[in-house]
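Enquirer: As you go down the protein sequences, you meet chains C, H, B, D and P in turn.
The numbering used here puts the first residue of the first sequence at 924, with every later residue one more than the last.
The numbering used here puts the first residue of the second sequence at 63, with every later residue one more than the last.
The numbering used here puts the first residue of the third sequence at 66, with every later residue one more than the last.
The numbering used here puts the first residue of the fourth sequence at 5, with every later residue one more than the last.
The numbering used here puts the first residue of the fifth sequence at 736, with every later residue one more than the last.
Rather than coming from a laboratory, the hints here were simulated on the basis of the structure.
There may be inaccurate statements among the hints.
[What the hints assert, rightly or not] So the derived label-pair ranges between C-beta atoms look like this:
{"#": "1", "chain 1": "B", "residue 1": "505", "chain 2": "D", "residue 2": "612", "range": "24 to 32 angstroms"}
{"#": "2", "chain 1": "H", "residue 1": "273", "chain 2": "D", "residue 2": "600", "range": "29 to 37 angstroms"}
{"#": "3", "chain 1": "D", "residue 1": "593", "chain 2": "H", "residue 2": "470", "range": "28 to 36 angstroms"}
{"#": "4", "chain 1": "B", "residue 1": "505", "chain 2": "H", "residue 2": "542", "range": "51 to 59 angstroms"}
[Unchecked claim] Distance condition first, Cα-Cα at most 16 angstroms in a straight line; then the derived EDC-like pairs of lysine to aspartate or glutamate:
{"#": "5", "chain 1": "D", "residue 1": "603", "chain 2": "H", "residue 2": "362"}
{"#": "6", "chain 1": "H", "residue 1": "435", "chain 2": "D", "residue 2": "120"}
{"#": "7", "chain 1": "D", "residue 1": "380", "chain 2": "D", "residue 2": "286"}
{"#": "8", "chain 1": "C", "residue 1": "1011", "chain 2": "B", "residue 2": "215"}
[Stated by the list, open to error] If you only want the chain D side, here are some residues facing chain B, beta carbon under 8 angstroms, derived:
{"#": "9", "residue": "621"}
{"#": "10", "residue": "626"}
{"#": "11", "residue": "629"}
{"#": "12", "residue": "632"}
{"#": "13", "residue": "639"}
{"#": "14", "residue": "643"}
{"#": "15", "residue": "646"}
{"#": "16", "residue": "647"}
{"#": "17", "residue": "653"}
{"#": "18", "residue": "656"}
Model, not experiment: these values are computed from the prediction.
Where a beta carbon is used, it is the ideal one built from N, C-alpha and C, also for glycine.
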Amino acid sequence: MEPTLNSYLVLSAVLFSIGTAGVFLRRNLITILLSVEIMLNAVNLTFVAADRYLQSADGQIIAFFVITVAAAEAAVGLAIVIALFRHKETLSPDAFTSLKW
Amino acid sequence: MGLLTLLVVVPLLGGVALLLMGRGRDRLVHQAALGVSLVTFVLSLLVWAGFDPTSADYQFVERHAWLPDFGISYHVGIDGISLFLVVLTTFLTPIALLCSWESIESRVRAFGFFMLGLEAAMIGVFVSLDLFLFYVFWDAMLIPMYFLIGIWGYDRRVYAAIKFILYTMAGSVLMLLAIIWIAYYHQAVTGVPSFDLADLLAMNIARSVQTWLFLAFALAFAIKVPLFPFHTWLPDAHVQAPTAGSVILAGVLLKMGTYGLLRFAFPLFPDAAQTFAPYIALLAVVGIVYGALVAMVQPDLKKLVAYSSVSHLGFVVLGLCALTTNGVQGAVFQMLAHGISTGGLFLLVGMLSDRRHTRLIAEYGGLKAVMPKLVATFLLVTLASVALPGLNGFVGEFLILVGTYSGLFEYARVYTVIAASGVILSAVYMLWMFQRVNHGPLTNEKNRHLRDLSVREWFVIAPICAMAILMGVLPNIFLRPMEPAVRRTIQQVVGGAVVAGVQPAAVPEPAIVVREAN
Amino acid sequence: MVTQADFAAVAPMLMVTLAACAMLVAEAIRRPGDRMPFQVLAFIGLGGAIWASWASWDLHRIGFGVIVADNFSLFLNIVLCGIGLLTVMLSTGTSDRDGLPSGEYHALLLFSLVGMMMIASTNDLLVVFVALEILSLGVYVMTGLRRTSEQSAEAAFKYFVLGAFSSAFFIYGVALAYTVAGSTRLDQIGLHVASAASAPDLILTMAMVLLLVGFAFKISAVPFHMWTPDAYQGAPTIVTGFMSTAVKAAAFAAFVRVFLTALEPLRVDWVPVLSAIAALTMILGTVVGVAQTNVKRMLAYSSIAHVGYLLVGMVAANSAGKAAILFYLVAYGVTNLGAFGVLAALSSQDRPHDEVRDFAGLGRDRPGLAALLTIFLLSLGGFPPTVGFVAKWHIFNAALQEHLVTGQSNLVWLAIIGVLTSVIAVFFYLRIVVMMYMSEEKAPAHRPALPVLAATGLAVALIAVFYLGILPGQLLAVAADSVASIF
Amino acid sequence: MLYPIPLFPLIGFVVNAVVGRRLPKAVSGWIATAAMLAAFGWSAGAVWRLLGSEPVGGVRAIDEVVFTWIASGSLDIPLAFRLDPLSAVMILVVTGIGSLIHLYSTAYMHEETDGEYARYFSYLNLFAAFMLVLVLGANFAVMFIGWEGVGLCSYLLIGFWFTKRAAAEAGKKAFIVNRVGDFGFILGMIGLVALFGTLDFQAIAAGVAGMPVEATVGALTIITLLLFLGATGKSAQLPLYVWLPDAMEGPTPVSALIHAATMVTAGVYMIGRNAVLFSHAEITMQVVAVVGVLTALLAGTIGLVQNDIKRVLAYSTISQLGYMFLAMGVGAFGAGIFHLYTHAFFKALLFLGSGAVIHALHGQQDMRWMGGLRHKLPLTFWTFVVGTVAIAGIPPLAGFFSKDEILWKTFAGGHTVLWALAVVTAFLTATYMFRLLYLTFFGERRYAPGAARGAHGAEHLHDAPAPMAIALVVLAIGSVLAGLVGIPHVLGGHNQIDAFLAPSFQAPAVAGVVAPAVEAADEAIALERALMALSVIVAVAGIGVATLVWLRRPEIADRLAARWRGLHALLVGKYFVDEIYDAVLVQPIKRTSTALLWKGVDTGVIDGTVNGVGLVVRGWSAVLRRLQTGSVRAYAMSIFVGVVVTMGYYLWR
Amino acid sequence: MESVFFWVFATVAVAASLLVIGQRNPMHSVMLLIVSFCALSGLYVLLEAPFIAVIQIIIYAGAIMVLFLFVVMLLNVPTEEAPTGYHARLLGGAGPRRFGAVLSVVLVLELAWALSTMRGTPLPGDAVAPTVREIGIRLFREHGFAFEATSVLILVAMVGAIILARREK
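Chain C on its own, in the form it takes in the complex (with noise of 0.2 angstroms):
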């Protein structure tokens, strides 16, 4: 079977809801990071499939902004995971509810 610009966009789906998915599923803030890595990549490959299917190069270059800002995020989010490891030597995302009701 010939995979239809559907075939794309359902495989991005799927591979954003295992990235959410992982976001509930894991208690380790370095595995929540890769989860939303997953979830943009996914992006990207919804991006790079409309462009294929519209015949642009907008879409490339647009998953090319979204890997950016992916290691962007990813700069500021293990930064941030130092500091709180400094805090509390655990990566566990439940150990940081001091902050609450």
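Once you've looked at the hints, dock chains H, B, D and P against the given chain C.
Expert: Leaving out everything else, chains H, B, D and P in the frame of chain C:
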């Protein structure tokens, strides 16, 4: 700047000026605050002097564009109804300030500021002819009162203050929506929005719509009045407020509710007003009896007076709902009378509690032997409150009852009879209280050496007594100038509907004549 | 070709960026112990941006094809830079006490302002996304800037994770929109939406939902609000003030631009959802605010509630409603910033001074600050004659006006919920007032000095609160004017 | 000029109220008395002018509008006075007897301090002023000023010794019970305004005259019944008489003036004033008559067993007032007013006499501790005898003529049952009054040293000092002679007072046509004379019984009391009306107010709802804030749920 | 042919992604994510987007993931610990996690439903991949501003990362 604007501005700026005075000069601050309020009083007398009592029009009108895109203007003016409420405000404020000279010892500057700010806002409410402006003053007034209760009140002051402000706000915010609604209804009809009372009165609102808008207005005013069963904020607020606060609260603030009904709710929504008047009147009647019965068994002087206000204001609302000249005239007069006599009662209770730091009736007894002068004035004010003819309370109640009897709705006569029983009940609770406090043997040793009225206190209470007698003996001074305005208002409510039955557009509109104020 | 006009259009952003870069340079050449004139740089940059925006009024420049310097953008530029200026002023003193590294703090502040100005001015979803990230990353970092504090780090982390999560949704929305519309430009999307409006396009709808989520997160609308209380509480106080006002203003600007221009034809579709969100936001924000004991957290819930009112303006979405949003943003900006400014002025190195009981007896201790805080709180509560009242009134004005024109009954309900919740909100604002003036308790006295600049900032906020409360006419007109430029 | 009449005592009041406390007793007492005398003089002058004036439309009257009091809408109530025969009689009684009582008081109250003394006289003057406003008022509203004003003064004077709890209670009770009546009065006024648009007596009378007499319950009946309710309060009739016995806690001259001679007769006066109105409501008239006679009988029976000298007199007053109402009810307005006028003399005399006794015994009021005083207090005794005989209805003293007039008119009007009851009452009156006389002045002395509370013992009893003596003597003379203005035709008199008053009881329009004095038929004359004789016999019988039981064979009283223990207890307990009112009205109302309304409705329901709303909000707040768990994944979940639900909405809608 | 590659890459991407979130060792997760990215890169090639495919490998898998690896090793927490404490259980427990997973499935279904409106839309067969030059020109012409904006973004990220991660003096 016209006189009415001055009336608002002078106390406000005076209050701000107080804040700028140096620390530690409490005496001077007290005097300055009194001075400002007296100047305001004189200004209000000038307004009275320049008032044309034969005219039903608004006078001293000032109108400046404010937010023209929204049909909002700074539009003030007075007629016979608001004139006296303004004068009542300016009359009671100096008295309330003077009565606090010794009892308010902390944060004197702030106290003066809030009192004068309150005065400005109250006057603003009474002179506004633009609904937006009215609401601004109406809401702004809550803040100083909140602080007066909350800072200088008694032990449960915080609860009372918050209850006061939330209760009143809860009612008035819906009115705000109704005000906006009607302003844009004006836009839907004429193309431009308008918050101006005159514009809005000139417009016919569909009956179904009137119902909701009227209810929103009526709720706000009913809470302020307070009408049974929206009254429970009042006893708390009264009991906890400092004397000056209680005086203003009872004397003026409550009148804003009845004033609002008369000035806004009824004329703006005549059909709904006529539909609902009987029900409101029913609540008023219930309030008369209920307030009296509950007042009767209160152990706390201020609470007793507070519930008596519920009862008395029930009379006022009843008179308004009658929508007859006598009823409304009586109601307006009763507003003034209640302001004087209940204000006086609170002053006296305040004097007692200044001396003894308790307001429990059981703590007193036999005071007449130690403080004959104070008790004499107490008696006079009590009698004014129980509507002894010849004193201020009678005229209003009598006219209200006369007016209600010929009221338009079905059970008007029954209401009259029940309301008249308030005559008995008011005597019961007031005299019983008076007797327990002032008569009998001097049972409590602590009361033996209480001092009688001081000179300052004479200046506080004497004007009240004088007004009580003056209003009782020469009520026409007040009734004459208000009659044209009262008639006009009734015409707006009743006349409109009567005509509307045949010919919807023919509501006679009150001409707003700009009279040169200066 | 890149022309002068392109640069003129982005001049405000450029100035602020340059100022921020100058700060970084200054920080780099700073020797330990030196103080650098960061405030001066900030004033130059922000002042220049304000001036540049003012000078471009009515010129409708377009820069690089994606930056639209219409009156709407310019208005927001001015507002954002104004907030920035106030923040800089109010930071004096408190930033040292909180141990914020001055150079980086000011630079990040300005950078995130650049992102905000960008997000408010662009007509390209891609730029919206990038700008969103700029401002977000700046704010995440500022949130975590109190590095000795675990709470600060935790707040930054939560804000970051959720922010990244939601911006993934946002960019997915952009992707879907791009898929169906073939462009990320708002005008192109608008054309597509308008032409395809007859046949409801599910993908487009999904794109709309995802974009909505992205914005709703930034403005902290329920149920995308949960980061707000934590981030607000943990962040340095003055940063909280900045976040709650500037970020919100910028995000709302983009929200308005996207949803009321490109997605305007889908209004029937998004109004019900937005109404529900608005109602939930108002209710939850106020109700949960009641139980708070931490003032910053309480103000966070209050800000959530205020978002609800702003959303009512969105739902009304007539010209009055749009102008009302802008006015409200200004009103909320000066008021809330003022309130946080007071809080910040009170915080000391060892005590954040943000629990309600910390305020006990403040009316005697610091009468001036207490009075200011009271006024700001009353303005938040919507009492006349403060700007808060006019702002709320204007929102409800818009709602009811729209109702009378279109007969949308949800607007009436929203208005009723709005006024009732504002009553509840008064309860918790007044709790602080109660503590300051009416409490027998007495918190330990603490009087960090109030620097002149901070005092000036508070005075400016105070004057604005009253001036705009009594004579809002001009600002209302300007807001209406600026709104007219994009619709 | 009529307004000076009330103005004089008003000025006296103001002077004594303001500066009285700094004046010596002589001065303040003199000021008050002088004010009364001035009022009396002015009244006399005014009445003289009235008598000399030309009747207009058959009525001599002086009308005076002082100023417009209340003007609202079509309602216009002037502060107007009207002097006509009826009010002429009243002002003379009020100022005349009032003056005497003031005079008497100067001595009686002499033991008070300067301040209290001045206070007493200021109240007394204020009372006189209000009473004069009441009787001179030309409309209901003005009358009501006086009506309430005298109630107020009564309250103040009853509670004059306010440190005595009983006195304070009694004052309050008087005011409140009166207020119950006023409730009716006000409603009556409102009805009149609704019906006639005015409160002016003349205008109302003119209006009523054009209406048919109401035989069923109509507007007039309701209005008059309401007004009568007011009258029962003020004039201590069933069911509102309960305050008057308690009112005896006040100083005795007050009892004489207010609770015997003047104020309590206001109700009678009011009906007389509105004779035309009341005559047009048949049912009301019957009610008035029945209430009057029942009150008379009831009070008489209670009076029979009371031991407090003033209380006996109080019940006697109630009883006599019942007579007056009987007269009013049967349409004998002239007779009623005549009795009012004579009663003022002898009852004031009796009270003042009892006051003299009390004064002599230093406050002892219980007759069981008196006795044998006739030698010690001769002047008091003899004047007292005059009063007693007068009230008992022995000719030719004043009481006989007026009472007999009432009895005859009742009988002649066909109200046989009422007449019979009235006769019984007359018997009782004679009995208990002579019981009083015997117990006080005859028999052995029971005021043994130590029993009398006085400081200087009972042995130094002294008779009334000069001012008191003067008052007693003048009143005694009055009690003898006052009846002479009303000697009935059957006894060869001309009943001048009836003729004099008659125009006041007629509508203005018909007033001109005074019906020519109907020459009574012979048999009627005979009947009247027979009945007259009967009443004298009854009175004498009553005296005889009293003499037997309380003078000759005192043990009979005890035996009777023992024999009819229940009845005796009932009478001594005053039929337990106070207790019944307390149990049926006062306590339930208090309890309902406290438990149900205040604690239940107010605090519980209404405030509970209000606070409940607050609690619910707080409760939800506490619950919802728990959603904010602090866990970032929960927050993400919230966002995610938002996304999924929103998407779902669009997909499934 | 293309479809075979598509399915292979798709399967690898999904499986690798699932494994990323499916096991506890972050080190393994990072490695698996690189695998997933490589599979995606393959898909980009299939989509005639070689430029982005290369970028994906070089920047994403090469740079960003290395950064992750670096941090994982720096912090040296190989596996996640079991939840402790009441709240942790409440939120990290099986129930909420399952609920999250279910929601993710729902999200897939919803998106698939929405995307199904485009079912059967064939990809243009004769597409010519835009050259890098074309991409570059577009990047700097059409998206020049965004590009410049990105520089600010990176600057912010840099400053932020430094200031947050550097040790307290």
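Enquirer: Are the hints correct? Go through all of them and say.
Expert: Structure-based check of each hint:
Checking the proposed 24 to 32 angstroms range against residue 505 of chain B and residue 612 of chain D shows it holds: the Cβ atoms sit about 27 angstroms from each other. Hint check: residue 273 of chain H to residue 600 of chain D, Cβ distance near 33 angstroms, so the stated range 29 to 37 angstroms holds. Taking 28 to 36 angstroms as the suggested C-beta distance range, the pair residue 593 of chain D and residue 470 of chain H conforms, at roughly 32 angstroms. Range check, residue 505 of chain B to residue 542 of chain H: about 52 angstroms between beta-carbon atoms, so the 51 to 59 angstroms window is met.
With a C-alpha separation of about 14 angstroms, the suggested pairing of residue 603 of chain D with residue 362 of chain H holds against the 16 angstroms cut-off. Of the pairs offered as hints, the one joining residue 435 of chain H and residue 120 of chain D holds, with about 13 angstroms between alpha carbons and a cut-off of 16 angstroms not exceeded. At roughly 53 angstroms between alpha-carbon atoms, residue 380 of chain D and residue 286 of chain D are farther apart than 16 angstroms, so this suggested pair is violated. This hinted pair checks out: residue 1011 of chain C and residue 215 of chain B have alpha carbons roughly 8 angstroms apart, not beyond 16 angstroms.
Taken as an interface hint, residue 621 of chain D checks out: its beta carbon lies about 6 angstroms from the nearest beta carbon of chain B, inside 8 angstroms. The beta carbon of residue 626 of chain D comes within 5 angstroms of a beta carbon in chain B, closer than 8 angstroms, and the hint placing it at the interface holds. Of the supplied interface hints, the one on residue 629 of chain D holds, with its beta-carbon coming within about 5 angstroms of a beta-carbon of chain B, less than 8 angstroms. Look at residue 632 of chain D: its Cβ gets to within about 6 angstroms of chain B, closer than 8 angstroms, so that hint holds up.
Checking residue 639 of chain D against chain B by beta carbon gives a least distance of about 4 angstroms; that is within 8 angstroms, so the hint holds. Given the 8 angstroms rule on beta carbons, the hint for residue 643 of chain D holds: about 5 angstroms separates it from the nearest Cβ of chain B. The beta carbon of residue 646 of chain D is positioned within 8 angstroms of a beta carbon in chain B (closest approach about 4 angstroms), and the interface hint is therefore held. The interface hint given for residue 647 of chain D is met, as the beta carbon of that residue sits about 5 angstroms from the closest beta carbon of chain B, less than 8 angstroms.
The interface hint given for residue 653 of chain D is met, as the beta carbon of that residue sits about 7 angstroms from the closest beta carbon of chain B, less than 8 angstroms. Residue-level restraint check for residue 656 of chain D is violated (minimum Cβ-Cβ distance to chain B is 11 angstroms; threshold 8 angstroms).
In the structure shown, a violation is registered for the earlier hints numbered 7, 18, in ascending order.
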